[in-house]
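There are 2 protein chains.
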Amino acid sequence: MEEKIKTLSTLYANHFSASLDTVRLRTGRTTERIRVDHPEAAAVVAFPDAKHILMVRQWRYAIGRETLEIPAGKADPGEGLEDCARRELQEETGFNAAQIVSLFRYFPAIGYSNEVIEIFAASSLEKGSEELDEDEISRVEIIELDRVHDLISQGIIQDGKTVIGISLFQARKERGEIPTDFFR
Amino acid sequence: MEEKIKTLSTLYANHFSASLDTVRLRTGRTTERIRVDHPEAAAVVAFPDAKHILMVRQWRYAIGRETLEIPAGKADPGEGLEDCARRELQEETGFNAAQIVSLFRYFPAIGYSNEVIEIFAASSLEKGSEELDEDEISRVEIIELDRVHDLISQGIIQDGKTVIGISLFQARKERGEIPTDFFR
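Residue numbers (this note's numbering), protein chains in the order written: chain Z, 1 to 184; chain U, 1 to 184.
Heads up, some of the hints might be wrong.
Put simply, identical chains are the same to the list, so a pair is met inside one copy or across any two.
[Said to hold, decoys possible] Heads up, simulated EDC-like pairs for lysine to aspartate or glutamate below, C-alpha to C-alpha not over 20 Å straight-line:
{"#": "1", "residue 1": "4", "residue 2": "135"}
{"#": "2", "residue 1": "6", "residue 2": "37"}
{"#": "3", "residue 1": "173", "residue 2": "146"}
{"#": "4", "residue 1": "173", "residue 2": "150"}
{"#": "5", "residue 1": "4", "residue 2": "66"}
None of these hints come from the bench; they were simulated from the model.
Small disclaimer: the values here were computed from a predicted structure and weren't measured.
Model the full structure from these sequences, guided by the hints.
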């Protein structure tokens, strides 16, 4: 294992922090590591029908460009991840989901962040509020699933959680692990 | 888009940094964002034969536990990502690869990091050096690919790049995009 000797400094943003720690490695050697302390997050592959999903266009400050991703966001304090997925879907697309199933829970950046993302699949969508989160989302798109696979294959979609969500939904469907009434 | 107003503070580790920036959102509102400035990285799904891959056990400080992952690491300054994948494979497992193909290039943590990971698939492996990177790697394992799919399905493997590497190798193989002599 590796153990913290001390935290040298910490940056605090609204909902998470980044620290620089001095760490003792398993060989006894010491080094410095940046560690992002991040709340859990949820993402959702939301199906208006069996052949399409909802995606959002948004500006990503960290990479300085607009991206096409599945809806996602950080959990509020005390909020469960299924509730978080439903809330983010509603805030980012205006849709509520009558059906939702968990697909996978993973660490996106295991080298320096404790962030966990749980990805859900949602169906039986109903249009709710028209008030979207305009601070973050510039456009909602309904995209054919075959086209999403093409956009991944072409390297146009480059967002990790979107690729994992689409790939694992497919794999779970092929294994018969998606409820038979998911697309009713 | 979102634009930086100023950087409030920065943490510097050995090979990357984390900054806290004040940012103007597309709606004109301002907020603070943590932004990790990370070198590009490479990961490799390495096949000793068509049915097995090499994986490494290592302690991950950010999540405080040991994980099972495909070999991976940050590029050295000026190093191309294919060279980085070959070097990390060699340092972490002792194997050299005669064949290597790019599978995918993606952003693992698009909300706060500019890290790019390019994932490769490697075959025709030959045992090279016995000197492994003992600071980071505790054990190298050869695991049946079917079992890797099970470990993902069971939530035992929870590392994003490993899931994307395995899923996209499978998808590309089914699309006929892996060279026919890849497993010779």
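Under a CA distance limit of 20 Å, which applies to residue 4 and residue 66: within one copy, between copies, both, or neither?
-> Answer is between: at 15 Å across copies they meet the 20 Å cutoff, but 37 Å inside does not.
Using 20 Å as the alpha-carbon threshold, which applies to residue 4 and residue 135: within, between, both, or neither?
-> between (37 Å within a copy, 15 Å between copies)
When no copy is named, should residue 6 and residue 37 be tagged within, between, both, or neither for a Cα gap of at most 20 Å?
-> within (15 Å within a copy, 22 Å between copies)
Should residue 173 paired with residue 150 be assigned to within, between, both, or neither, using CA atoms and 20 Å as the limit?
-> both (19 Å within a copy, 15 Å between copies)
Is it within a copy, between copies, both, or neither that the alpha carbon of residue 173 lies no farther than 20 Å from that of residue 146?
-> For residue 173 and residue 146, both the intra-copy (15 Å) and inter-copy (17 Å) Cα distances are at most 20 Å.
Checked against the numbered hints above, the structure breaks none of them.
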